[in-house]
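S.K.: Letter by letter, the chains look like this.
Number of protein chains: 2
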Amino acid sequence: MKEYYKKDEWKIIEEGFNPDMHEASESIFSLGNGRMGQRANFEEKYSGKSLQGTYIAGVYYPDKTRVGWWKNGYPEYFAKVLNAPNWIGILVDVDGLALDLNTVKVKNFRRELDMKQACLRRSFIAVFPNGHEIEIKTSRFLSIVNDELGVIRYSVKALNFAGTIHFTPFIDGDIRNEDSNYDEQFWDTLECKVDNASAFLLAKTRKSEFLVGMTMLYEVTKNNSILKLSSEPIRNDKYVASQVSIEVQKNDEVEIFKYVSVLSSLNHSSPGKIAINGRKVAEEGLQRKYDSLFKDHIAAWDEKWLHSDIIIKGDEAAQQGIRFNIFHLNQTYTGKDERLNIGPKGFTGEKYGGSTYWDTEAFLIPFYLSTAPQDVARNLLVYRYKHLGKAIENAEKLGFHSGAALYPMVTINGEECHNEWEITFEEIHRNGAIAFAIYNYIRYTGREDYLAEYGLEVLIGISRFWKQRVNWSDVKGQYVMLGVTGPNEYENNVNNNWYTSKMAVWTLEYTLKAIDYVMEVHPARYTEITEATSFNHEREIAAWNDVVQNMYFPYSENLKVFLQQDGYLDKEQKMASELDPAERPINQHWSWDRILRSCFLKQADVLQGIYTFEDHFDAEEIKRNFDFYEPRTLHESSLSPCVHSILANRIGYIHKAYDLYLRTSRLDLDDYNHEVREGLHITSMGGTWMSVVYGFGGLRVTEEMLHFDPVVPENWESLSFKIMYRENMLRININKTTTVIDNESGPEIRVMLKGKKYVIGKGKQLSV
Amino acid sequence: MKEYYKKDEWKIIEEGFNPDMHEASESIFSLGNGRMGQRANFEEKYSGKSLQGTYIAGVYYPDKTRVGWWKNGYPEYFAKVLNAPNWIGILVDVDGLALDLNTVKVKNFRRELDMKQACLRRSFIAVFPNGHEIEIKTSRFLSIVNDELGVIRYSVKALNFAGTIHFTPFIDGDIRNEDSNYDEQFWDTLECKVDNASAFLLAKTRKSEFLVGMTMLYEVTKNNSILKLSSEPIRNDKYVASQVSIEVQKNDEVEIFKYVSVLSSLNHSSPGKIAINGRKVAEEGLQRKYDSLFKDHIAAWDEKWLHSDIIIKGDEAAQQGIRFNIFHLNQTYTGKDERLNIGPKGFTGEKYGGSTYWDTEAFLIPFYLSTAPQDVARNLLVYRYKHLGKAIENAEKLGFHSGAALYPMVTINGEECHNEWEITFEEIHRNGAIAFAIYNYIRYTGREDYLAEYGLEVLIGISRFWKQRVNWSDVKGQYVMLGVTGPNEYENNVNNNWYTSKMAVWTLEYTLKAIDYVMEVHPARYTEITEATSFNHEREIAAWNDVVQNMYFPYSENLKVFLQQDGYLDKEQKMASELDPAERPINQHWSWDRILRSCFLKQADVLQGIYTFEDHFDAEEIKRNFDFYEPRTLHESSLSPCVHSILANRIGYIHKAYDLYLRTSRLDLDDYNHEVREGLHITSMGGTWMSVVYGFGGLRVTEEMLHFDPVVPENWESLSFKIMYRENMLRININKTTTVIDNESGPEIRVMLKGKKYVIGKGKQLSV
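Residue numbers (the numbering used here), protein chains in the order written: chain A, 3 to 770; chain B, 3 to 770.
Calculated directly from the structure, the hints in this document are not laboratory data.
Where chains are identical, the list cannot tell them apart; a pair therefore holds if satisfied intra-copy or between any two copies.
List of simulated lysine to aspartate or glutamate pairs, EDC-like, C-alpha gap at most 16 Å: (1) Lys576 to Asp476; (2) Lys13 to Asp304; (3) Lys469 to Glu574; (4) Lys399 to Glu585; (5) Lys478 to Glu574; (6) Lys118 to Asp304; (7) Lys388 to Glu417; (8) Lys297 to Asp149; (9) Lys240 to Asp190; (10) Lys759 to Asp711; (11) Lys159 to Asp254.
Please model the entire structure based on the sequences and the hints provided.
M.R.: Here you go:
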């Protein structure tokens, strides 16, 4: 664990240039606006180590997989998040010497991510071998108002010389993915144009054939006056640039403002439209100018922060950590486009490819439900609805039939990309998370009609899968579910994983209720759905009920705990505390069979299940299972600590809850796992938010109302956050003695606070 | 199933040229002499589809593995069987037209593998576009007398023209492996020399740095008279050749005799020695001439056949099939060199790489024990002894310690090459087979002193592994073995695989006995061994006894059968006969999880265990388990049918035994699995031999004597084979009514025949 960045409530600050930390900082200081993202690569030349990353949401490459031995049904490609053409580049040359932080002497380096204003700033002094010193100040942002526009301001001041400065703003299509299975280039450049102070580059992804067009316009000022300059166009097969040269005297400051539009064929139907529309966006940028664009950008971000901010008083590290998480979640997904989703690294790296894991449903939807308009979470559900056909095809490849749906482990376009059999084919609990998200959305929003519109079809597909996936065991006289891998991936191909079976039975029960609802309230739509899905009402419902009533769940009568899977107690029982710290994380030190044989858990499946269905269990039962599983849990998944922290709060283990919270909130900022250079753990950031709001805030949502059972950790003065719930906006302020709930907007509302029911009038406050 | 080749007792015959079958025939007609092997590629140019294959025993390439996702402890390379420089090549040109069976018209094509003489012959008439007709006759053999020498005789007769024939015998180092993970070439050519009628090529494998030198000499005759010809040398970086031209009249026959020595750095310490010694071998060949060399070759093979032949009367297909198996086994391994072993494809293809699987111990040692001098099987045991250090290192990588040894799943040099975790890390029963082979060798040969010399150290290493691999289950109050994969690879990562646990406990028991023996009979050596292995006599023996006495084995009280693993009866129970034949083999039609969940077995582990320890079970017990498992078994491993056939014989299921025998004996000849082009199933050929001698012959070996309980299938007249057993050579002749045992050499011997004990005097006969 490093404490490298300066603590600040609203900013991440790096002081002093540290080339060894540069790639990690490129991840930490990433920017995004939901449509595109950009790692904190330098604009100017940098010959040191750097992971270039420009990402455009929904644009991927199907990279042919590499596996050692092939199993039937394996996917043929992995949809990779793509490093796209570089649009940020501005070469700087001073009297013939290139500015390159790897070769010049660097003084007073400061990089700052302003999370309030969603802006990246950098300043430093560069000393060239000839003694020339320049002072650089840059700032850039990806407009959240027009999400096809990126804006850069780059200033150079001659500190101790008179001479010539060249700026060469460029767009470069000659880029590669670090993560490429066959060292292929994923892009072809189709068009390169330059004239005067504008340039256009059109590139196409191989195989997937996405078009991306980038148009750049720029202007240069000296001491705040716009210069009329003649520019020299530079162009090759994959690169367009425009060079200008400016004479400077000592203390002159020259600035270049670069406005780049980034458009893709996801939203523009032809190369021609991409060119024309892209030109419009860039021109509007140039006309409105940096300051005015930035003002609008800040205003839009203020709105986001108004709804989603969490204020922690008395603990600056925690304050910075939680805002860092919220900031990146809001940068990654804005919910405008139902074709998009949230990849594990968001716009901050290539790793894990794909864009959608079960993380979305299990760890992200709660955040967007509470902090953004309902359509945002809804679009994440519709995304899965649109992939239903592919999920049915996927299940067919595995031998299922009659409309059974198995959603992929990881996907961009609905097709499965993952190729470890024990995960692809067996980590099927993801199907349950997708079903539960529908229930969760409706419970939160009250929009039960979603079932009729989209939800029921998905539920029928998933329920059919569960029905076919279980089998009757003659020896047990019950249904069993064989050969699965739970969220705890430290066991593979087990029988009767308690969590997976729980999700399966719950899905069947909920689907049966959903059918009753749609049949009663939307009878015409019900007929439509049964026809579209060839649903055999009588037979299928009877079969599902049979599974619900006769499912086997492993349980220890002796310990009175649910068993993660058959045979779990045959393992040698050891506690995580007995492990030599030098052997952790075990996935980096132990062979796979040893991990599988051990009782150690990456994350505890039974506790994940209890968290999901908390109201099915009493406090004693939760405590007993927590006391059994948590000491065996290594939390070697970034998704693990948050859920355990929430449960620890639930049963009054406040210290434990706080310890676990610390492991999640500053995971990336303090680089716990020494891997931040690859990108940030975007999806686990949703879990961090949950561990504050559900954990310390004690929020629970039932179909009737919100419940709060808050507690403030010892070293916090207070905790404050907002919740959007149906028609209301609530502000919750918690300190050591008092909880205050403001009904900021919306009608009178009932809430449960520490087990007592209250009614808070419109605009009124409850203080307890 | 195809019946493509002509039936003949001693030959495999192909009549008519069928390019679509050529690659399969290249496998079928392969030659080998234990030191090197050669697929039946044509000598002359062939532009059609062909899988080139020249193999040199022990010469491999460590090909960097390709896996999708890496697990800790995975091997970094797969040791590949290498396609070596091509030494058989002879280009033929007639008046400027190249002989190429892909372009000329071919008549009267006949290819024949003479198994008695271990010789490949070919004859045909080629009609060129210009109407010239030539008759070709070729024969070649790899000398079993001098196993570094290959000899080719190639004759061309001008049938209807006068003109010029060019011969260009060559050695080509520019070859590739079809099986190469990164499309690399595995060889560098170091030296190319040609003068007159001789040439030399020296090549080195990349990374592993094996040297291979090939020296070629040749002479040409016309109408049986040696010609003095001037030759033209041809040479490039990776190729040496020598061209001669001969004027012919109509009906002239010209012949080229090519003698090539193939030497490697396994046996010759320097490039210089390879060149000098190689020259000697080739010169001796040229001096002695084809006919004389061939005579010696035949005589040596006669000796092999004398010991290992099986004669089946009344069923030509069965006769041809069993000889085909015996022939290839004798070609692949001669037992001269303890550094060599038997790869799954022998010298007939590249697939599966490596050279040693558990196949050697479980399916091949019985063949070599009964048909070859004792040193042959012994060298296979010593091979493992020499890899003990690597096996201990391998176990250490997986977290074992204190001298525990885990032999690799597949290896050439003792290092693990396999990289599917469920096999590499979990298919550990191989360790048991290696221990059992020691017992089997001693039981057969009576050479108990092998324990003192080599065996005990191996047994201690393996026993230590088993001790560490089990763990105490509090809930069962017994030791369990978690997370293993049995020989039935259609289940992975199961708990308490009955077969693996059985092998483990047996190994511990046998090691305890072996310790007693060595301690008592070779006390000084025992002290040496305990010191070398840091063996803690008291503590380790007590620990092993504890496991032996308290091991858990899954068993169904209800069905009274051993259970393959925990939870096997939870599976939906179906019979193989209920499967749609279109879905078989299921490994080509079903996704992996579906295979794992099903009750279907690739081969039945419990039956493999009962076969191994048959004397631990009574006939009723064997029958009950056979009746339960065999109907669930798909025999989709080439190693499966033989063991099941032997057990079927044991319990009197003669028809079943014969059906299963048919699946193994002509597996390659009739290409059951449509994959013969890749090479032959060499190791399963040992199983075929067992299914005749142990199955129909009813041979059993106990420490005291041989037992026979023979039966002849309905459509055979008689079955006859020999058995080398300690000092005796026995011939067994079985027909429908009588069994005759000749004690051909060695002292008086006791045997058990159909449950009765007999004594057969020296040179005497027993007829019952």
